[in-house]
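*Asks:* The listed protein sequences derive, respectively, from chains A and B.
Numbering of the first sequence is given in this note's numbering, commencing with residue 1 and proceeding in unit increments.
Numbering of the second sequence is given in this note's numbering, commencing with residue 1 and proceeding in unit increments.
Keep in mind that the hints were calculated from the coordinates and are not lab data.
Fair warning: this is a prediction, and the values are worked out from it, not measured in the lab.
Among the hints, erroneous ones may be present.
Pairwise CB distance ranges, derived in the manner of DEER restraints [what the hints assert, rightly or not]: (1) B:A126 - A:E147: 14 to 20 Å; (2) B:P98 - A:D75: 45 to 51 Å; (3) A:T58 - B:H101: 53 to 59 Å; (4) B:H101 - A:S151: 49 to 55 Å; (5) A:T58 - B:E19: 17 to 23 Å.
Just a sample of chain B residues kept apart from chain A, beta carbon distances all over 10 Å, derived [said to hold, decoys possible]: (6) R22; (7) C63; (8) D99.
Simulated coverage check for chain A against chain B, where a stretch passes if three residues somewhere in it have a Cβ under 8 Å from a Cβ of chain B [to be verified]: (9) 71-82; (10) 91-97; (11) 104-117.
Beta carbons are placed, not taken as given, at the ideal position from N, Cα and C, and that holds for glycine.
2 protein chains.
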Amino acid sequence: MWMYYTTMNEKAPSTSRDEALRSIQRELTAFARRARSRATELHPDLSLVAFSMLDLMTERGGCRGADLAAYFMLDKSTVSRQAGALEKLGYLVRETDPDDHRGQILRPSPAGLKAMREAHEQRRIAFLDRLADWDDADIAQLAAYLERYNSAV
Amino acid sequence: MWMYYTTMNEKAPSTSRDEALRSIQRELTAFARRARSRATELHPDLSLVAFSMLDLMTERGGCRGADLAAYFMLDKSTVSRQAGALEKLGYLVRETDPDDHRGQILRPSPAGLKAMREAHEQRRIAFLDRLADWDDADIAQLAAYLERYNSAV
DNA sequence: CACATAGGTTGTATTTACCAACCTATCTCT
DNA sequence: AGAGATAGGTTGGTAAATACAACCTATGTG
């Protein structure tokens, strides 16, 4: 089966590549949805965003709210409130940035680190379960694809 | 360098499989973090969830609200309200399921299809950019992996 | 020294989604 | 056939997340 395409403006025909692209979009979206709904199970106190914030702070050895906002594409007010909640939980400590007294350096407290590690472990368990019947090679390949995909930011 | 593992409860040593699992976690989460912020750009009328709902309806040639709720792990009330909004926009039509009069079959209207295609095109542009240098085979493989991953509910 | 700017906080409104209660149609078991 | 039990869907109430705007303070720059 084939068709004519008469102008430059018409969409390309639906190829298998397009089908696959569409599928990738849909599946990634479904994943995002589910990740959000499962986030509660990670740790009773940590939303997905709060968890990710702690994660980035840890990875960078402390960072400013503005960094978090930029990284996660969140408004600074949102970060401020999330940070406030984490502080109230005793999960993070702030110190004035010695180099620039406008800013603060945010770090996980020991309790915050502990909670974050627990959430990590929970998540690892869930993933293991889901990928239990996958070959090592397939898992490695999927990981490689995702890294490649995300690195193209 | 090597270590002893003395009890069944200790974590397994870091194998390549574990490395890959950790990577998949991180990369999928990185995607989930940012998906939300990109959602607004898709279409003035369509939230990410609304768009995804239309997409799945289309893919399946019409489906019930319960299917959508299950697929996206959303509460049925959420689906009901999103469907109501889409209907008010003239983007979807409902018909009573002839096989089971409790349910409804939801389908995009022509306008809904149009809006969805526009949103899809927006997203496709972004994806194309990212996946421009991928082989068709790799894209198809990634799609297959994601489908497999998501179907393991 | 005056003004523009960056990091953060707070007020306000919107969106999103969950839970619970409820309705109707269907199914199952006797 | 009749009596629950159950599934799909709607509506009311509510909580959380987030964006936007206004504002404060510290910093940088002419």
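*Asks:* Does each hint fit the structure? Answer for all of them.
*Replies:* Structure-based check of all given hints:
1. B:A126 - A:E147: 14 to 20 Å: holds, 18 Å
2. B:P98 - A:D75: 45 to 51 Å: holds, 47 Å
3. A:T58 - B:H101: 53 to 59 Å: At 54 Å between Cβs, range holds.
4. B:H101 - A:S151: 49 to 55 Å: holds, 51 Å
5. A:T58 - B:E19: 17 to 23 Å: Given range 17 to 23 Å: holds, Cβ gap about 19 Å.
6. R22: violated, 7 Å
7. C63: holds, 13 Å
8. D99: Nearest chain A Cβ is 26 Å from B:D99, so the label holds.
9. 71-82: With 3 residues close enough to chain B, the hint holds.
10. 91-97: That given contact is violated, which follows from only 0 residues of the segment 91-97 of chain A lying within Cβ reach (below 8 Å) of chain B.
11. 104-117: Result for this restraint: violated, n = 0.
This entry does not satisfy hints 6, 10, 11, going by the numbered hints stated previously.
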